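Those sequence lines, one after another, are chains D and C. Each residue of the first sequence is one higher than the last, beginning at 1 in this note's numbering. Each residue of the second sequence is one higher than the last, beginning at 1001 in this note's numbering.
FYI, nobody ran anything at the bench for these hints, they're computed from the structure. All values reported here derive from a predicted model rather than from experimental measurement. Among these hints, one or two may not hold up.
[Unchecked claim] In the DSSO-like style, the derived pairs of lysine-lysine whose C-alpha atoms are separated by at most 30 Å in a straight line are:
no., chain 1, residue 1, chain 2, residue 2
1, D, Lys173, D, Lys25
2, D, Lys224, C, Lys1089
3, D, Lys148, C, Lys1089
So the chains spell out like this:
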Amino acid sequence: MAEPMGFFTDTTVCIGCKACEVACKEWNQLPAANGGVRTLSGDSYDNTRQLDGIHWRHVKFIEQFSADRRQGRWLMMSDVCKHCVHAGCLEVCPTGAIVRTEFDTVDIQSDACNGCRDCIGACPFGVIDINPVSGTAQKCTLCYDRLKGGLEPACAKACPTQSINFGTIVDLKKLAQARLGTLQRAGETRASLYGADEHMLGGLNSFYLLVDRPEVYGLPTDPKIPSRNLKPSAIWSVFGSVALTLMAMVSFRNRGTRDV
Amino acid sequence: MSSTFFTASPHWRWLIVAYFFFGGLAAGSYFLATLLDLFGKDRRLVRLGYLVAFPVVCLCGLLLTADLGRPLRFWHMLVQSETFRPMLKTYSPMSSGAWALLGFGGCAFLSFVAVLVESGWFDWPALRRLSAPSPVGRVVTVIGTFLALYVAGYTGVLLAVSNRPIWADTTLLGVTFLISAVSTSAALLILLGGWGGVTGDSIHALERFDRAVLVLELLVIGALIVSLGRVAMVWLNGWGVLLVAMVLGGIAFPLVIGARPSVRGSLAPVLVLAGGLVLRAVIIFSSDGLR
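Please work from the sequences and hints to get the whole structure.
What follows is the structure, given as structure tokens:
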């Protein structure tokens, strides 16, 4: 197995140019939204709005302004699949279409996926959706095809500010710690890493440097693995089954007209 | 805010609501038929239960296939498309549920054939052994009943084993759907039995049983709402109103009128059936709307 690879996205240097979105769409031949008819969100300069089956990179614009607009800042974050070490999508996929690659990334094999959509609701980050062209669930592959050819993912290649860093997880963690230290020494005390350690789903192979609470960026504070609910749900159902069987035994015992 | 609110909806809509409803009816009818067979005396309701289960489980397969993004790949749930090895993940409710549905469908088919032979629709001596008093028939119905309980409950467990609001914020959806499957199935057998001329003690026993199950369902729905905690606030909208209407119209009212022999009839079972459908629609759609 190759060394685990991933992204470290430093949101503090993102300028919101969306070159990553475009590079991703071009390399992966993703179709335009809405049949190519331009639609505007109407409440933001961001018109992509979300990650889904045809948007595998999405630059979020978080516009923080006071009521009188004297104070304000823009937070920009290029969002993508987190390639979780404990991946909810991979866990629930009933066809085996979702696999872990030799680069420790999570990939959906489109020719095996049958579009059941279980992975969409299992993803703690809302990353996956159906690509209407293929009818299957799709998301960032961390450019598996480019990695096989020794290239870096298209988004990281296109990023003009090195907000998206690609490399081995070991190297990226060192880079992230160094950048965090620099920012904190410079007085940016709000800076923190999101998903860089194994406490979050065993570690996110795509992790972030943020300068506000995760919720502000649309990221869950405490993402969880879907199977946490499996055992208690199953146990309650077994109790229910036993109760119903006992109730039926008592209710039906020797009841009824004898009939052939 | 619960971390489940940062996720995307799988767009499971009416086809899945219908599958949850009819899957519950097929499984519940089979369960009741076996229990009536083992402990009751009236074979007419037993035959009715097995006659209902098989056609309804076939409908379930069609609903699930139609809901797929790539319907022709439905078999990928059971067989790996590249290696043709069996595809089973015990820790994925959808994977284990697909196998349970297949196994239950097989048992439902055998029990269905046994009823046709027993009723004299056709006679093939080898098939007589499928009828319940014979060891083969008994083994089929007992295995089928375990699988039926699995099919009735796994749908709720499947919703819980996700990261979606409401679904993953409680661990009681499996048992809720299971109990609702049995209460709606009892209502269906009461309704169909009544039309088929089954009367007297047999139906009364089923009615008493259904009322007991409805009381249990009421308690479990209460526990479900409590277990959701603050997340239950998302039901302060039309879906919550519909859920209250379901509890009043689909559980409480049938309990009240069912207790009075003078007003017995089709109304109570029809309301229980409608309540089961509304319950599933509320659970699915109220979460679907939250991105």
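Exercise for the section: Mind listing which of the numbered hints don't hold for this structure, in increasing order? Expected result: none
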